[in-house]
Amino acid sequence: MRVELLYYPECPSHERALERLQEALQAEGVDTPVEVIRIDTQAEAEAHRFVGSPTIRINGVEIDPQPQLPYRLTCRTFVHEDGRLSPLPSLTMLRRAIRQAKEVSNDGT
Amino acid sequence: MALEIGHSAYDFSLPGVDGKTYSLKDFADKPVLVLFFWCNHCPYVKAYEDRVIALAKEFGDRVAFVAINSNDPTQYPEDSFEKMKERAQEKGYPFPYLFDETQSVARAYQATRTPEFFVFDEERELKYHGRFDDNWEHPDQVKQEFVRDAIIALLNNEVPHYSQTPPIGCTIKWKV
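Heads up: the protein sequence lines correspond to chains A and B, in order.
Note that the first sequence covers residues 1 to 109 in the working numbering.
Note that the second sequence covers residues 1001 to 1176 in the working numbering.
Isolated chain A, as found in the complex (with noise of 0.2 Å):
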């Protein structure tokens, strides 16, 4: 399993995204180390498709998708299970990736 975690060092909610990803791997018994990116420019944006800091990519897959947001440098905005809007995906939401990304594994597909 690849996974990345691509980030924009002037939000400041990546440290503590790397580690609720961390754990959510550690919860879904998935032992892969993270491959941290630093988007720096706009052009490095546009390149990586960053849409927001942080975006997170398991096997090449958005956690989150939101197609209409442009590239660019700033933080994103994740809806909660509750409803709340945070700069943070849930653990809820990470472990229900991971588990999507194993089960597209397990199928082959």
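Warning: the hint list may mix true and false statements.
To be verified - Going by beta-carbon spacing under 10 Å, a handful of chain A positions derived as facing chain B: (1) Glu10; (2) Cys11; (3) Pro12; (4) Arg16; (5) Arg72; (6) Leu73; (7) Cys75; (8) Arg84; (9) Ser86; (10) Pro87.
I should point out that these hints are in silico values taken from the structure, not numbers from a laboratory.
Glycine residues also receive a C-beta, built at the ideal position from the N, C-alpha and C atoms.
Following the hints, put chain B in place on chain A, whose structure we already have.
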């Protein structure tokens, strides 16, 4: 470095989403002024939005709350004046929401983030600068309510326990 504690509030003349133009004199009847840099798109603003609205409603008769958006809407269209109007109406902002199109007010206050709070006393001297409270993620786990504590201290003619905390949020989106 933001405005130093004790510094006087800079005056401004900015349009609000309600069609009026505001300056410091419009808030002169209130012994405390809470001026905060704000926007639509930042998730930290969204995380704090309901808390700030609740505080403004609680203290609105004695404290002036003023939100200012200085972000460049060409890069961040969600922060345009039209979108500001929509957001204020949708959430029922109980405070003026002003557009700092030239970004001169943010520069004068040396603000860097949204949200970022400046609390002034009756003489409009800065008494607190920084974040709203100590937990942006979990409102039910907040231990220090910095802005609220500063307001209460100033209403009691006392010095706030905390005068400065580092603001947390998105960077202000400057024009290039």
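Next item in the hint list is Leu73 (chain A). Is there a CB on chain B closer than 10 Å to its CB? 9 Å, holds
For the hint on Ser86 (chain A), just tell me whether its beta-carbon gets within less than 10 Å of chain B. 6 Å, holds
Holds or violated: is the Cβ of Arg72 (chain A) closer than 10 Å to a Cβ in chain B? With Cβ-Cβ at 7 Å, under 10 Å, it holds.
Less than 10 Å between beta-carbons is the criterion; does Arg16 (chain A) satisfy it with respect to chain B? 8 Å, holds
Given Arg84 (chain A) as an interface hint, is its Cβ closer than 10 Å to any Cβ of chain B? 7 Å, holds
May I ask you to test the interface hint for Glu10 (chain A) with respect to chain B, counting a Cβ-Cβ separation under 10 Å as satisfied? With Cβ-Cβ at 5 Å, under 10 Å, it holds.
Are Cys11 (chain A) and chain B close enough, Cβ to Cβ, to be under 10 Å, as the hint says? Hint on Cys11 (chain A): holds, closest Cβ of chain B at ~6 Å, below 10 Å.
Proposed interface contact between Cys75 (chain A) and chain B, which counts if any beta carbon pair is under 10 Å: Given a least distance of 5 Å, the restraint on Cys75 (chain A) holds.
Less than 10 Å between beta-carbons is the criterion; does Pro87 (chain A) satisfy it with respect to chain B? For Pro87 (chain A), the interface hint holds, since the closest Cβ of chain B sits about 4 Å away, which is under 10 Å.
Status of the hint placing Pro12 (chain A) at chain B (closest C-beta pair under 10 Å): 6 Å, holds
Comparing the model with each earlier hint shows no violations; every hint is respected.
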